[in-house]
Amino acid sequence: MGNVVLGSYWSKLRRAEFCDGVPTTHPLSTTGLKRRFRPTISHSELRHVCRPARQFFFFVFVVSAMEGRCAVETWAEFGSSGTACTPWLKVGFGTDVLLCTGVDEVYVYSPREGKLTAVIEGPGPVTDLVESPDQQCLYVACASGVYRVSSRLLGSRAGRSPADASPRAGALKLSPESLAFAEEGVLSLLLVGSVLLTLCQRDSSWILTLYRSSDLERLRSVRVPLAVPSETGRRRRPLLTCVQPSAGGVRLEPILFKLLFGIDAALAKSPVVLCGLPDGRLCFLPLRPAGSRLGVLHSLEQPVVFVGASGVADAGRGLARCLVAVGEQGRVVLIESEGGGDRAAFVEGCVPGPVRCGCVDKKRLYYSTGSDLLALHLPEGSPEREGPSVEKSRVTPAALRSPSSLNVCRVLALAEPTCNAAGQVELLGLSARGQLQRITLPVDSEDAGWPKAPSTRGGRSVGDLLSAIGDVGERAAVLKANVKSKNQILRRLNQVLNISFLLAAGTDGEEREKPIGCRATASWSRLLEEDSLTLTCVLDNSSPYVLERGWTLSVAASPLSGPPAAGGQSSSAHFSFPFHSLHPGETLEVSLPLAAAGESCFPVTVSCSLIFSLAGLLGEEAAVLPGLQPACVSLPLNTLTVDWLHALRVTSPAHGKAPSQSSNTSDAVQAFLRLRRLSCGGGAEVAGERERHAASVRVSAASLRDAPALRGCEADAQGGVRSPPRNVGLSLMEWLLSEALGGVTAVRRGDRSALRCSVVHGRDPSGHPVKLTASEVDVAEQAGGREETLTAVEVRVESSSVAAVCGLHHAVLTRVQAALQTAPGRAAPEKRTQGSGLRKALHRAERLLQQIQQSRISGAVGVGVSTGQACQSLLSVYQELRENPLLVI
Amino acid sequence: MHQPLSLSDKWIQENNALVNKWEEQEGGGDTLTRNQNHTRLIWCSSEFHKLLRKIQGIPPIADHTQLELTVVFNACLCLIAQSQFLEAESLLTQATERVPQMTEDGPFASDPPVFWKIALKSVGNTALNPCVMYLLCLQWAIWLATCKLQTIQELQNELLSVFETLSSGVWDEERSASRRMSSDIPLPVMDQRRLIELLQICTFIAQGAERLSEGRSSEALAGLQSASSLPAPRTLISYTHFLSGSCLAHMNRPQMALQCYRMALETDSQCVCALYQSMLIYRQHGNTQAEIQALRLLHSTLMLPSATEASPAGTHLLPSSLLLQSQSLSSLLSVPSALSVLHSLALKCVLHERVAEGVEYYLDLLAALHTEDQHGVHAGGPSLPKLPELYLQAGAALLMARRPADCMALCDEIITTTLELLPKKVVLKEPEECEGETRAACAEVEDGVWMLLWVGAAYLLQGHCHTHLRDWEQAVTTYTRCINLLVKVRFKKRGCQPQIPSADMVGMQGTNLCILQRLKGLSLAGRGISFTQTDQLREGLRDLQLSIQALPEGKCAGLWCGEVLWRLGRKREAVACWEKTWSFTPHFSVQSLSLYLQEPQSGPLLDSTELRCRIEELCPTLSG
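Residue numbers (the numbering used here), protein chains in the order written: chain Z, 1156 to 2044; chain W, 257 to 880.
Next up, chain W with everything else stripped away, as it sits in the complex (with noise of 0.2 Å):
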């Protein structure tokens, strides 16, 4: 004859059929979006809160704890996972309270791990025993998600045994192989192995991280290594290895972190940031080659799509990103955006010899810059130069790479652009006497100065452009209107009225005085050298002078002036004029410079070898 369900096997049913359905969508829920996840999430919470609280609404029986325990995880675990933490813990201490042999044992100890380490003991070694743990993992991975590490750290003996005595399974065996054939177990929404697994490597991680960044490295290193063979997910496993790769740099170990972060990349093919550290190391050592291709790499991984992480059945619920929040471990794992590292790939591209390659980097990355696009865009990292300062570098390149009529566009676009905004005059102020005015104001003039040295720039490259072609005429009247929108300029010194600066006033590299005589020297140097080239030998040589005085370090305006004074038949002076440009050591490296400011590789050149050849015609005597 058919009997009628007691109360406590259709509340099983209901649980299971809940947890079935969940599962059935998570089978087919790849192509689910986030939003609908989550709604799908919240549906469920509420559905197996509902069920709680129909279950709690009766007096704890022991015949129902296990069961009741069940749907208290299930509900916990869907909290979790919507990360309301804070509902979750006092679900947890709410039930457990309402164990019966935790009723026995009188008041509660409000100290989480007391309480907890009381709530063990109470059950002792009753089949409510494993109920209890499951639920002290999730407040393992509740105290892990909120960072309490300390805590963790506390009850590290107790989270060990649950570990052990659950992964052994000595329960779970009988269960499990009857799960889903009998009805009469209450099933969990996740698989509990599982859960415990990931909460064990992720504590590794979260703890790693921390230690890492404390500075406690070889510590570090210990638990990561241990962690790193574990059965866990690629990407975590991949994190200890990167982790470990952290600790090893830090350690001063350079080629065991490459080891390493290479591993890490072998796990998992998506971990860029192993990548993008062994890129720094190799920056760091200055192994170019390797630099740019890591960058290549780094740009290549970023830009493909996402890769929807294929985590295994049964972690959708709680993915380890919920876990691992730590601040030192997301700033560890940070990387810059795809378009900040193609800018390092195309300017390292051309100042290391691969100009072809670097000016197709630095066109991808105008063009990215210019859809709407913005795919691999994120906040956060080192943001990107300004768009007229990516301009002008490059159209820089594109005048390395011969190729004149490109750069110059470049340049009209920034002229046109920026041209009407320039303000009338301009004070230079050393950045103390900033300090005076509000910071407003000071930031609208320095605004003002950027947007007249970038015009003076592309001023200049175009002035360079039309050398490089030849059009002499062409080029001086650029020249000039670099050189005449140069000098209304004027610095001034504490205590000092304003002032047409000159070189001896440029303190540090890379200040905007330092560009601004830069830019006037080689403006200078090039007007100079379009004299010389259409005869005008006095004009051009009042500018090389001018040139020179702005910017001694310059070489070309150095050695056309000798040459200059030369055809004046001022040998000795071009003598002298030369030496002193060749022995001249420049006090920082070019390279550091933005590309637009470094001498042009393209106009008319002279031969050092000829010169010298010239010298000891002149004065055999010298030289010999």
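This is chain Z alone, in the form it adopts within the complex (with noise of 0.2 Å):
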């Protein structure tokens, strides 16, 4: 997951060079408005830069409150982890920053280049991390142990062009080598002069412990026990802070810190280790003189989530007054010295929480909510309180009451606040969406205090309003477009689903024919010299919805049977018609070839689908989403299937002859004996003919005439006159080529009358001829002891191909089959037995079975007969299954 938030933020910073430093305004967002404001904003003016999705620019945003202006400046972006651990940043060697959004790696950034500059990778999460005094090492606390980096490890990583290489270049990877010490769950860290003190949480106590930071020699470990069981859920890391008499670090006044800390620890100039805990304590070590106790200053009750000292009593020597602590619910607790040094004051008050982070300056409280930023101004000097001596005043006051608003959300965490050049105050902070943002807030007017604005930058004032109330006015026409595209979506969404719910009722139970479906026409047609067969579908649209942009009609073409291809793979097609919008009663034709002439793998199974992606309803936003997989609701229409008979070439008697008989001499005698020959031969051959092959399909001639599908044929070439019954044979030959069967319709071009006839000559995808004849013969039936006669149609193939013969035999026997199913009932008297045929057949079956069997027995042992002669005995049972066929009544 980091890898993968790392690996774009390396391609965002190389777009985003370009413009560091001085952020640059994009084009797209210089409206009028802006352009109209712009010499009223000053260059130390408060920028906001955010990041539209898919693309990293910088543009130019002016945040307005009552109080004040921020400037939000987006520097670079990590991704969020969403995980249990806090986030933090620090800032170490000089302006570098360096911070981690709860993963295991941390990301050293400079602000100077602009760029990543070194990540450090854990084995685990990185819960804190100092520098050593002299910036020559980091000690990062992970899981397992605190480990020892040196700087100038970094530095060279740091030297690498971000550019070059892999984007994982710069990551450092802290190996055991680098461990200092094994401590199991070390929570935070704090260096404190050569004392290096780690904090962890044990079964039942919180363990500071000391180390000496030269040689890592544990000196002592502090045990708190815990005041309230370990809570399951969030781990809150708790905070270790570190307050110094009189130098270095952060100084407390003097006269707090014997109040607060003893005599002892201030006659030692120790340094004191502030220490808050999630229950809500907090707790105090000094570190000198050796071996004092652990003391706890006061409880928050509840978690404590800052602790740092503010306040300047005497700018001079640069000395906190107070020292301030926050709790997650947002009470603050300011501890001074009151009564001119009598004793420590401790006013608690309450803010609106939850307060996520915070940090503080000299006068102001600076905590997120998580949803803004606010500012709460410490009161300047001791408050004045007479009366009876309460050592905790639990009256609030107003300066603890009215935070006010700095209108920048999702700060997560913040880092120590500095001052800039022009004397802004200036905060680093960490989004909930793992932005590294620098905060620019205006100048605090040291005079007026801070709600009211100098009389003397009036017009200035009015300017900045003016601008302000422009900026407001964009932002809000991005939240109008905003909205209303996400109305737009759900609209669509909703059609989708309605579609969904229509489509899918017809999947259960029983076909019915579905509101939406394909239909399909197979023609022949001719490109780039080649013969190929080529499908029309209609996607047809009869339901009452829109089928909107983000649909995509999907084919796939199977062939039903075929010669496995190269890898085992099924040679089926996949073919994507991606389409904007199809009213109700619109209808959707996309073409797509089937086959090539030659490939011959009829039939082929055509499944239509409708396929629906949420990528193209979001649009743009599904990008900014972090592993959002391309999800898609896929609904299956119908299956085509397009048979032999489809692509059958139909050509015209004569025409269809020449090819075949240009050898042969065209004799109606001699095709006749041929015929004969064959029809009692069983494939036998003719010397210097090629072997034909053929099969054949009885259909009884009464059931045939009862068929409603062929009926309505008829009627249709009767032009809706009801005719006396014609040649049976023939109308069956005609709707066998022409009719519309599985929703296929065949459309052949020439000829029309070539159709009309019982002898059809055509030829197959491979180019070979065919025959197809209808007749009508008589089959003698014994039935009941005496003969019969039944009228039936015969339907004769006749090819040079077998896989042609077999394959249209095939078509033939599918087709009178469905036309059958969809005849009435026939009554039961009607029906007769075919006696004598069935035991004749099922003897010849029998016959042929045991032939199967010896050809395959010899096949599997490979001896006795050739290939060859396996494929020959195969067929003739193949034809001898064909011929004399029984008759379907």
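With a Cα cut of at most 27 Å, we get these calculated DSS-like pairs of lysine-lysine: (1) W:K642 x Z:K1424; (2) W:K377 x W:K404; (3) Z:K1424 x W:K680; (4) W:K277 x W:K306.
To be clear, the hints were calculated from the coordinates, so they are not data collected in a lab.
Only a predicted model underlies this, so the values are computations on that prediction, with no experimental measurement involved.
Two chains, two frames, a set of hints: combine them into the complex.
This is the structure in structure tokens:
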């Protein structure tokens, strides 16, 4: 996860490099308003840099509030981890920003270079990190222990350009060699002078351990029993910070220091470690004199999220006048000396929580609730309170009640505030989306109070306000557009759901005609000197819903049987046709090449389905959502079958005969003779002539006459006039060749009269000549001891190609079956048995079975007969099966 | 032909591989940290448990029992080493119940001693006997570690027989010969003979400590002395000597006790508790030089880097500290921290004429307190006095060593740190008076009083320094500051208004009031003497008289008051004053006071013999 984010980060960074330092204005955002108010915005203007989806632009955005305005500049984006770990960021190596979003990596970002200079990758979530005072090394706390990383090592990584090689070149992996000491579950680190402190939680207590940083020898450990049994769930990080009585670090006013931490610590000039625990206790441990005990300063009764020192009593020495601690639910305690140094006052107040993080500068406490960043003005000077000596004043000072909003949302971690050259306070924040932001606060008007603007700057102020209004308008427009697009998406989603339900309803149980379906026509066309069978699919929307943008018609054509393609994959072809919109009653026509001439893998099953992709619906927004899989809804429509009859190219009798008879002399007698030979010889060969194969289907004429499919066809053919029964064979042939079966119609160009003929010549897809004959025959039946004759129609397929004969026979059989199925149920008495025929057929079948088995055995054993022989015998069996068929009644 | 291994052979191999791996790591394990060691132990334990689960997956078969019991032994030992005694105990009972001979005997007793008696009886004299006995040893270790000495007492006979049987090692002989050679014998993870020896002596030690704390010293002594000849690690032997010494000290035989302590130290030079106890005996008998010597030794021993105990091979797994966890023993073995010893040493030296040495120790102590290197600091034991108190003591010692400049620097430190915290007015109350108020408020007042007294004492010491340097004006200024501070304190008696305290109100020595009066007396005396030196005799006389009022036993003030009177020509009064001073006997020893509350030795002194000469000259009749 981290890798992905980082990878994308590098690429973004490269794009952003051209505009680092001074944020450039993206052309799109320079609206008229912006240009109009541009002159009123000073250079030290408040900026909000925001990143539209997919692209990494900077544009200036001014946020306005009553009290002041705040510029937010996004430096980089690291992605949010969403883990239970608290993200944090620190400033180290001078101005570099070290941050962790709660994953295993710590990013080192250099604002000067405007890029990520290094990544430290730990073996587990990195909980904390401290920098040695000489900036020579970093101590990194991971789950299993504390690692020491030399900053030289980081420097060498930083030297590499992010553009070169892999984006992970900058990652420094913490290896076991760099393990300083092993300690399970260190949550916080602090380095005070030569002492490195770690804080971790064991079963029933917090353990603060002191190590000597020079040789990492364990000096001492202090145990603090847990006040409440450890809760499960989000593990909060305890805070460690340090205050000094006089030199180095955060210095506290001596009097307050003595009052809080005692005379011993003051005499020893000891640094004092402050520790804010998730159970609300604020503990302190003076490092000197040796053997000092840990004391509890206060309890906030809610997880401590921030501890710091603030307020400067006298600017010259830079001593902090009070300690501030903030609890998660918004309880704030100010600790300061009171009554001229008699005692320490603990002033408690409450701000609207929840508080996610905080920081202080000289006068203000900044804290983020996640939805807003607020500044709380800390009271200056000792608040005058007389009366009885109350140690904790429950009276909330007015100041604690009125935090002012800075209008920056989603800040999860803050670093120490700094002051820039223009006197503005700058905060570094890490947002919930993993963005590193610099938040520049307006110059605080020293003389006039915080809420009031000085009158001298009135003119400027009006301009500022106007510009702010303009920007708010702009923002509102953006939001409006956003809402509109969301509505649009919802409406479309509704349509999609309706269609899904509609199509899903048809799949269960009975075959109901779906309101949305596909038809197809197959036709031969000549493309690039090559004949190919083209299938034209028509998507028919007869539903009341509109198929909108985002839908795709997907057609998969797969041969029912065919030679397995190389690699064992089925040789199916998929075609997708995205379309814009299909209103009710409209149709969509698409064409796809089904097969080229010579490829005879019929019948082909064509499955149609409708696919809707969510990505298409969300459009650009889907791209910014990390980890969103391209989700699709796939709704199957109907399945079409293109068989041999569809693929048959009918030629006019004369034309059709030409190729086959070019070698033999055309003679009716000869033809007749040949036919006879074939019918009785069962594939016997005529010398000098290519081997011809034949198969036939016999259908009782009576049943055919009743079949509505055929009747309809007849009616069509006769122009709607019911004529006396024609030749049944002729109409069957016509029906076979022209009717749309399985939703597919074969389009045959040329002479339609060629079809109205009981003998049809044609060519199969591979170009072999094929002859189809429909003739009426009388079949003698032995029923109940007496001879009976039945009129039947025999459809005979003849071709030199075995494949064509098989395919066409199969196709004819399938169609006749389908036609008869649609016929109304015949009365039982009419059913006749083909007693003798059946018996004969049974005998024959048994014999053939034996023959097949024999050939299979010999084929399997591989002895006795050659492959050719086996084929031959199988072929003869096949032909015998096809010859003398049973009558279909 | 190569035969496939049987299941039990495979298990034996697995067990032995684990044992060998453990021992291998242990061999080079000195460099490992405690943490790593622990991780390794957890791993080992889980591996043995996995193996055990496999073995126990089939119903108990007589052929496998020995293997199974050995793996149980190993797994259980790992659990005990991790202080998981309950788990270990249940594992032991379950495993024993699976022994085939046991199952024949029907229901098991829930009472552990009875259970084990039955277990031993049912295995009888079979080959399984040692295996079950070893498991009993582990149970013994658990009882010992959880201080169930009563249970051990109940089973004493059985345990003794187990000990005798196993340590005579009739079965062990042939096994140990073939040990490591053949792979068909499951190995134990710890040498079983060592385990038994360890258990034996630890039992003696724990029982001895228990009896000693119950006051049955002679009974304890007998057991301990028999234990001292057992084969065991040095540390444990030295414990037996030490405990014998403690028994003897209880029985009022200090010399014999000292002998025992010496033996303990000779056995194990790290046995600091013996050193500490001998020091206490010397202190008790007033042998200051020996006490100082012992303190010095004690301090240097404590400052040594804690030597890694060279425990004999095979006992890494079960350190004796795990088995000796009784409260009474640990209180006997406790020793104050190195800093506290250093403080005692410094104070003793200064009080007993070894000022220069004492000053060095004080400076060492302050330096140690100022480093973050907290070596040798541990919680428990008497805590050190507060830091300002130590500063003042060190300052006084420095002044005694004639280093006024250093003393002044220390006092300055206290004054600058504390001055702004001083309460504006302080009302001292009788201890009973405090009951009514909240403890917190009382503590706050107490803190204020202490700070005031510290600052007062610091001013006093500075005054002494100026006196020492013969800078009389500065001395007067400093003493005046001290006096001004001290007179702010009012004393509240029950039912009375707060008032300025006087000498007759001082009830007990060591109270705040006593210290206050002493400071007042000393500072007034100091200022009086300084005035006298600058020939402001009247002011001098007034201060000295006030000083005598505040602190009647003040020697300097009395003598100098006489001297001033003498110079003023009031010779008879002077003589009376001197006589009174000499005749005054303090009702407590000066030595018990803090160093800085003692009368300065460095100021202008009056020679008593010279004064007596003057008295004789004045009124020969009186003396004659």
